[in-house]
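**Student:** Sequence:
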Amino acid sequence: MRIPTLPDNVKVHPNVLSTIKQIAIIDNMKAGRIIQRIAALGFDPLPDTEECNSGIVQNLRKKKVFVHRLKCVDTADYRIFYAHKRSGMVCVYYVVPRNDDTYNKDSWHYQMIKLLYTQ
1 MRIPTLPDNV KVHPNVLSTI KQIAIIDNMK AGRIIQRIAA LGFDPLPDTE
51 ECNSGIVQNL RKKKVFVHRL KCVDTADYRI FYAHKRSGMV CVYYVVPRND
101 DTYNKDSWHY QMIKLLYTQ
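In terms of full-length UniProt numbering, the sequence shown has 62 at position 62, counting the first letter as 1, and numbering is strictly consecutive.
By construction, these hints were calculated from the structure, which means they are not laboratory data.
Any given hint might turn out to be false.
As the list claims (entries may be wrong) - Label-pair distances were calculated between CB atoms; the ranges are: (1) M112 / I25: 19 to 29 Å; (2) D106 / N9: 29 to 39 Å; (3) P4 / K105: 29 to 39 Å.
Said to hold, decoys possible - List of simulated lysine-lysine pairs, DSS-like, C-alpha gap at most 30 Å: (4) K105 / K21; (5) K85 / K105; (6) K114 / K21.
Where is the CB? At the ideal position from N, CA and C, for every residue including glycine.
Turn these sequences into a full structure, and let the hints guide you.
**Tutor:** Below you can see the structure in the form of C-alpha cells.
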C-alpha cells in the first residue's frame, strides 16, 4: 500500500505509518479510510465527535502533563490520537484498535501517547 502525500501541516509519527501498513494487510479499505481521515485533519482538525476528554487525557493531567489539544477521531474500529497545535500543525501520534482498553491508563499505547506528546 502506498501512503499518499499528506498536507504540509500534518506530521505523522513513523509508528502510525507502520500500523496502517499492518492494517492494510488485513483490510485495505479500512486502512484507506484511516489515511483519508488523517489527510482530512490538515483541513479540518476538529474531531467528528466531542473533544476526546478520555481517561488518557485526564491521567496525563494528573501527572502534570498538560494536554491542551489531544483528540481522538473515530474511524470505525480504530482511534486516531493526535494533537492540534495553535500554529495549525496537526501531529498524529497513534492509531489504536478500538476495544475495552483503548482509553485505559494501563494500556501500552497510553504510555506511548504520553511519551510522544511530551517530546
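**Student:** Hint by hint, say whether it matches the structure.
**Tutor:** Going through the hints against the structure:
1. Judged by the Cβ atoms, the range 19 to 29 Å given for M112 and I25 holds: they are separated by roughly 21 Å.
2. Checking the proposed 29 to 39 Å range against D106 and N9 shows it holds: the Cβ atoms sit about 33 Å from each other.
3. Checking the proposed 29 to 39 Å range against P4 and K105 shows it holds: the Cβ atoms sit about 34 Å from each other.
4. Restraint check for K105 and K21: the C-alpha separation of about 26 Å stays at or below 30 Å, so the hint holds.
5. Between K85 and K105 the CA atoms are separated by roughly 23 Å; this keeps the pair inside 30 Å, and the hint holds.
6. In summary, the hint linking K114 to K21 is supported, as the alpha carbons are separated by about 23 Å, within the 30 Å threshold.
Going down the numbered hints, you'll see the structure goes against none, and every one checks out.
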